[in-house]
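Chains P, F, H, E and D are the protein sequences, given in the same order. When we follow the working numbering, the leftmost residue of the first sequence carries the number 68, and every step to the right adds one. When we follow the working numbering, the leftmost residue of the second sequence carries the number 305, and every step to the right adds one. When we follow the working numbering, the leftmost residue of the third sequence carries the number 683, and every step to the right adds one. When we follow the working numbering, the leftmost residue of the fourth sequence carries the number 15, and every step to the right adds one. When we follow the working numbering, the leftmost residue of the fifth sequence carries the number 169, and every step to the right adds one.
One or more of the hints may lead you astray.
Calculated lysine to any residue pairs in the SDA-like style (CA-CA distance at most 20 angstroms, straight line) [unchecked claim]:
no., chain 1, residue 1, chain 2, residue 2
1, P, Lys-220, F, Thr-450
2, D, Lys-514, F, Asn-327
3, H, Lys-811, E, Lys-258
4, E, Lys-415, D, Asn-324
5, P, Lys-182, P, Phe-212
6, E, Lys-106, D, Leu-465
7, F, Lys-565, P, Gln-148
8, P, Lys-165, H, Lys-858
9, E, Lys-85, D, Ala-216
10, E, Lys-111, D, Leu-465
11, E, Lys-417, D, Leu-465
12, E, Lys-215, H, Gln-873
13, E, Lys-74, D, Leu-465
14, E, Lys-74, D, His-470
15, H, Lys-858, F, Thr-450
16, P, Lys-165, D, Leu-465
No wet-lab data here; the hints were simulated from the structure.
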Amino acid sequence: MASKNIGDVILDVKSISLRFGGVKALTDISFDVREHEVRAIIGPNGAGKSSMLNCINGVYTPSEGAITFRGQTFSHMNSRQVAEMGIGRTFQNLALFKGMSVIDNIMTGRNLKIKSNILLQALRIGPAQREEFANREKVEHIIDFLEIQAFRKTPVGQLPYGLQKRVDLGRALAMEPQVLLLDEPMAGMNVEEKQDMCRFILDVNEEFGTTIVLIEHDMGVVMDISDRVVVLDYGKKIGDGTPDEVRDNEDVITAYLGTSH
Amino acid sequence: MDTTAPPAPATLLNVNGIEVIYNHVILVLKGVSLQVPEGSIVAILGGNGAGKTTTLRAVSNLLQGERGEVTKGSIELRGERIENLTPADLVKRGVVQVMEGRHCFAHLTIEENLLTGAYTRTSKPEIAANLEKVYTYFPRLKTRRTSQAAYTSGGEQQMCAIGRALMTNPSMVLLDEPSMGLAPQIVEEVFNIVKDLNTREKVTFLLAEQNTNMALKYSDYGYIMESGRVVMDGAAASLANNEDVKEFYLGMGGGERKSFKDAKSYKRRKRWLA
Amino acid sequence: MGFFLETLFGGLMAGMLYSLIALGFVLIYKASGVFNFAQGSMVLFAALVMARFAEWIPQWLGFDSLFLANLLAFMVAMLAMVIVAWLIERLALRGLVNQEGITLLMATLGIGYFLDGSGQLLFGSGTYKIDIGMPKEPLIVLENMFEGGLLLNLEDLIAALISAVLVVLLTIFFQKTRTGRALRAVADDHQAAQSIGIPLNRIWVVVWAIGGIVALVAGMIWGSKLGVQYSISLVALKAFPVVILGGLTSVPGAILGGLLIGVGEKLSEIYLGPFVGGGIETWFAYVLALAILLFRPQGLFGDKIIDRV
Amino acid sequence: QAAEQFIALLVYRTGQFAPLGIPWADGKQDYLKLVNARDGGVNGVKLTYEECETAYDAAKGVECYERLKSKGSGASGFDPQSTGITFAVTDKAFADKVSIETPGYGLSQSVDGTVFEWNFPLLGTYWTAADVILQDIAKKEKGSLKGKKIGLVYHDSPYGKEPIPLLEKRAAADGFEVVLFPVTPPGVEQKSTWLKIRQQKPDYVLFWSAGVMTPAGIREAQATAFPREKMYAVWWAGSDHDVKDLGISAKGYNAVTIHNSAAKDAVHDALKTMVYDKGQGTGPATSVGTLAHTRGMMISMLQVEAIRAAQEKYGKGKSLTSEQVRWGFENLNLTAERLKALGFGTIMRPVKTSCSNHMGDDWARIVQWDGGKWNITSDWYQSDKTHINPLVKEYAAKYAKEKNITPRTCN
Amino acid sequence: MFYRENGQFKSSYRADTALFPVAQDRWVLLALAGVAFFVVPIVASDYAFRAVIIPFLILSLAAIGLNILVGYCGQISLGTGAFMAVGAYAAYNLQVRIEGMPLLLAVLGGGLCAMVAGVLFGIPSLRIRGLYLAVATLAAQFFVDWFTNRVPWVTNDSSSGSVSVGSLEVAGFAIDTPAQRYLLCLSFVVVFALLAKNLVRGAIGREWMAMRDMDVAASVIGIRPVNAKLTAFAVSSFIVGVAGALWGFVHLGAWEPAAFGLDKSLQLLFMIIIGGLGSIAGSFFGAAFIVMLPLFLNYVPHWLGIAFSTATAAHLEHMIFGALIVFFLIVEPHGLARLWSTARQKLRLWPFPH
Ligand SMILES: Nc1ncnc2c1ncn2[C@@H]1O[C@H](COP(=O)(O)OP(=O)(O)OP(=O)(O)O)[C@@H](O)[C@H]1O
Ligand SMILES: Nc1ncnc2c1ncn2[C@@H]1O[C@H](COP(=O)(O)OP(=O)(O)OP(=O)(O)O)[C@@H](O)[C@H]1O
Ligand SMILES: CC(C)C[C@H](N)C(=O)O
Ligand SMILES: [Mg+2]
Ligand SMILES: [Mg+2]
């Protein structure tokens, strides 16, 4: 852990509140994420974890509070801006492009990198062609990495659940983000697959220095690979700190971990 | 752990060498056989894409909507062939599936979702009692009862899907990845419910699960699938002690639980049939 | 003033007639997630059966009571629509479980072609009469208040009344019955509905049969107005903007949408039309619906369109 | 092998206008059957025919035209039964040298045979129809239309729009006002149209309607208390099936007709004995004698007479090419005696076409529905050419210019 | 057997992303193109050209356009006829109003105008979705129907509202005979099909499909809905507009607004659904199916020597048409293109099933 040089705060969430009619999904949440770290968000079901990511992502607009990313402060993020600034994301309830093949899904992650205009694309000559191949190459690396070569041309809708999760990750990776938001990336995987996935996340984190924000219910995973953990419960923050600190926090134990851990 | 089953329980479900093809060309199950004794909990384990979901779909006959079909083999429920029954017929016979990926009715509220689950039940008091039971199992659902299902969190939807299935008063439940997306406490809770229903109401369970640890802890018997075939089966306890299973499904190569951080390289998936 | 009231009233009445057709759409959409393009053809088919049997039955049985003939013909037509519903389920819907909305929509277009063809093949493609004794002469009321009086149409009033009754019945059906709830579930997710034992097949037959009977009522009223012939299948085009304006899933929405479209259409044609050469009511109805959808993309009373990640 | 002459029958027995199209098509076929049965064809040349269904759809009509134009020795002529299809095939007819006969419909300017070599709007066009109606109204109004307001409720399609130029011309000349009320097809709902009429109170309404628009319009006229006596329909909206079911609601409704509808003539008797009694009738016997059926027979009769005329020139008993039959169309001369011999003596009046006049004569009269049947209420009129002829010239010239056609000179 | 991919390894992304990665496909396509350009003009009859082949080609083109919008971008449109109409009338106006306007430019200009109209009517799609949008697109249909009917300027003051075009000419060559007209259409279709194929397999195509499959996720990875949807509307209407202009100029020659009515829109939708949503090849299959089926049904009784009355035949045709549509949707909801690829997959594996 010490080998990593965790940097300054890259993403700072300040007193975010989010309401849906009567439901208070988030109440006055603040936490920060430092460069290069693996930051986990945990909490019981319906605690507001996914909603938190949605706020950062610009899918939801928080009713109060602001988010600072690399020194710039936003009260509302716009999805496209967020993507351009280098925040990638996977989804809890699979939000893949069902009708597209694995390759195409991951290629969409590189769409921001494609600059040639529609005419060039239609003619598919010169720069457009070169750009396509260059991006394709990157994507093939990701595919190799995720070990889904065999399914490259399969429409993702036909893949088993677990593989779909990998494709989702691949798509986020293809964006080459600085911050990667992962919403339960390991749900529906067995231990062996989870180990691979952990290794993978850590590799990305270590090799590219990507900052990771991770939501996960598998405490083993969270405790093993994260640097710091935020705990939410009913939309409120009830804990924040290193895995060990959190593990010993009374509130966290009663609200989430239960006694068996 | 209490695994003493009554002597020679009758076979409730007998899946015999089935093959399943999707879209007329994709052969997914290549001869799967398994037996589920009455009143037992049987787990199907296996990696992503092994065919667990497909097996459950074949039993509950939900393949049609996926453009899949059983092309070989037979499936018997209490000795009766069921390949050609509709899912509704099966629910009437007490077999209900909890689908992978939740599939709640998005526009209906949580409570309406649950009540719809009781479509086949006619007795009002029974429905009310079942509803209460589900709410006691999942108090979280009670607090969200008037929300439209689409606007609840992933875990809440998962609870809703399980609760909805329980509302049919099943005698056999096909559970597809019940633990997915649930907080650890709730996972435990779900398995306790399974156990509870199993012991008290003699409900039989066939579950596909990735959380091998939990699954083997609570079930009586297990099948391990790989690429559309059953590659190993045995009593849960013996599976849990099998070295291969330990290494690949329980993450305990050498008997120790390894830190996720310490997995140094990507594993070559074990090919059981190599 | 008198004229404005007449226009308003005319619009309301025309709107009720559209609602009658729109109801069929809403019913079927709400219950199976199918946008039934064949609704117009079902109206035609039902009306043809009713018209022809009302003509034939007295000939066969040798009696001469208009009421009895209509009653018997109505029953025959009802039966026919139930059979049609059954066939549609058996031969089409059953094979299309879990398919996307647009595929289902196209299938209903196919069904529409089939019904158009078979209806006319069996019952002829001329003009046939449905005479249910609707009063045709206008009433002139409030003559002392407005110059020339206000024209009222009894026929329209009766039609409006029938629509209202149908709406009440259908609303009760959806809100109060267990089947009603199951139907909404089916529309959300075919597969999940199947998984908990809702018998899609039976449910679809029931719904389409009810849809067919609503079509029959619509066909009867429109047919008695216009005569029964191929073109009455085209009144469905009038109902489309009504359905989306009211919301695809709302029974009361169909009524309110109908009234709004009816009034909007007539007022626009009369007060706006002259400036642009007239004939604008058809597209105006759609543009009106479109404009309202911009504010409420799910229509006035439709279920909110959900997309969550 | 006996010579044969092929006649293409474009029909619409389905779709919106089927109620009109069916008796019309039946009539056309019945007359051909009659000629074959009674006379063994034309001078021994057996008439063959084939129907092609257009459903009043221009694209389908074009397909039918292409399919049938070179059958046999060449199609003798096409009666597309639709103004829209006429527009679509007119250019092609020039290239293919096939005649298009459009009795009582089609392009009004195609009367001018110098430009429209291949079109024959026999017996009348929408301009002549409108003119005749105006004459009848003027008569009721004691000779003058000055200061009147005339509404035109029309099917918003080429068919319905056709009379507008003439009406506008005459309005300017005679000092009346024309108000246009377009009805978007199919016209199932016309409340606003008739409310507007109630508001603007035109003295008369001309009704260029088709299909379901007719009963819908009459019903709505009734509902808004517009007197049916002041409605004048063109012939296509004045057939039996248009008003039969309305019964008393349509009482007083007027229509202009190119033939004396009420009367059956010898041709009907012949048809009955030679065709229907032998069980070879095309449609139900009840439709024989209805307006649309009779009109169909007239149209076939004109076709047959054109063939006969052409045979006089190109050789009796021979199969003729399309181009040869055209000559027959252009040189029709159906005198009163001839019509009588054909069995149409009381149905229609003489027609004579020429190189420059492809319409021939345009006799028409007014009929009125009394709740149960049509009654003739006027004598025969012929359109007043002072306004029509210049209009024909103008429009024909415009067409010729667009298509680079050099008009023929007729001697 | 004949259809083996074995031994065809792809060693570069270029090879893998080639239009037709399987060699056999390439040969077949080349052969097909050869036949289309050189053999068909010689062997086909005038009737075949006018009634079958030309309509088939033009409608294929329109179907490609529509498929981009519906199949790739997921925006269901029931107003295609309207955009064809805009293309046709715009091209017509360009030709009558600008002296010496070359045909090709007029046709492309028609496409451009349709594109503008398409973008305009596409704007509501940013808010309205699914079947609501589908029905709302009827607004375009009925508005354009009305506009072309009611605004005399559009038809160059033609009193009847129908217009007709003079003789056609491309770069000094008169396009008179059906075979020449056919070659003109074929060239358009080939060029646009290739361009469309390039678009849909490139970045923009992926944006469209992403929008179709899951718009929220698409915006999270940086795809702008406005861009994606409106470009789809633009490209689609452009192609549809060009097809409309060809339909008017080359196929009909003279037309009235009804030629581009709702029927046409539905017919095109049929084509892409029967053919295969999100498949360029499917657009061709669909167009072939929908153009030929009625003609075929029309001829069957002749061949079998059964005489139906015209009306009966027409009704039967409707019934069979409807029934076949439903049948095909049940057999393969993803259309003929998918059926074809499944068959190919089977062939590829033959003689070892699965
Ligand atoms: N609808 C479908 N169409 C085509 N292929 C399918 C379909 N559903 C599943 N498959 C294929 O069947 C195989 C088995 O899938 P299945 O969903 O049964 O796996 P699983 O064991 O449940 O995996 P997971 O643990 O990831 O859910 C996979 O290879 C998948 O690609
Ligand atoms: N769009 C929405 N409309 C209404 N309520 C919402 C919406 N999104 C989230 N909620 C509510 O906010 C609460 C938090 O939801 P969220 O999805 O963030 O939970 P979570 O922490 O991710 O839970 P889980 O672990 O089950 O995924 C839930 O109770 C949910 O019902
Ligand atoms: C009235 C219509 C159905 C037909 C008419 N013959 C026309 O001119 O087009
Ligand atoms: Mg969540
Ligand atoms: Mg699974």
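Verification of the hints:
Of the pairs offered as hints, the one joining Lys-220 of chain P and Thr-450 of chain F is violated, with about 42 angstroms between alpha carbons and a cut-off of 20 angstroms exceeded. Among the hinted pairs, Lys-514 of chain D with Asn-327 of chain F is consistent with the structure: their alpha-carbon atoms are about 11 angstroms apart, no more than 20 angstroms. Restraint check for Lys-811 of chain H and Lys-258 of chain E: the C-alpha separation of about 9 angstroms stays at or below 20 angstroms, so the hint holds. Our distance criterion of 20 angstroms between C-alpha atoms is met by Lys-415 of chain E and Asn-324 of chain D, whose separation comes to about 14 angstroms.
Between Lys-182 of chain P and Phe-212 of chain P the CA atoms are separated by roughly 26 angstroms; this puts the pair beyond 20 angstroms, and the hint is violated. The hinted pair formed by Lys-106 of chain E and Leu-465 of chain D fails the criterion: a straight-line CA distance of about 26 angstroms is larger than 20 angstroms. A hinted pair counts as satisfied when its Cα atoms are at most 20 angstroms apart, and Lys-565 of chain F with Gln-148 of chain P does not qualify at roughly 33 angstroms. The straight-line distance between the Cα atoms of Lys-165 of chain P and Lys-858 of chain H is roughly 37 angstroms, outside the 20 angstroms bound, and the hint therefore fails.
Note on Lys-85 of chain E and Ala-216 of chain D: the hinted pairing holds, with a Cα-Cα distance of about 15 angstroms set against a maximum of 20 angstroms. Taking the CA atoms of Lys-111 of chain E and Leu-465 of chain D, the gap is about 29 angstroms. The hint is violated against a cut of 20 angstroms. Restraint check for Lys-417 of chain E and Leu-465 of chain D: the C-alpha separation of about 37 angstroms exceeds 20 angstroms, so the hint is violated. Using a Cα cut-off of 20 angstroms, the hinted pair Lys-215 of chain E and Gln-873 of chain H is violated, with the two alpha carbons roughly 60 angstroms apart.
Pair hint Lys-74 of chain E plus Leu-465 of chain D holds up; C-alpha atoms about 14 angstroms apart against a cutoff of 20 angstroms. The hinted pair formed by Lys-74 of chain E and His-470 of chain D meets the criterion: a straight-line CA distance of about 18 angstroms does not exceed 20 angstroms. Annotation: proposed proximity of Lys-858 of chain H to Thr-450 of chain F holds, straight-line Cα distance about 17 angstroms (limit 20 angstroms). Between Lys-165 of chain P and Leu-465 of chain D the CA atoms are separated by roughly 37 angstroms; this puts the pair beyond 20 angstroms, and the hint is violated.
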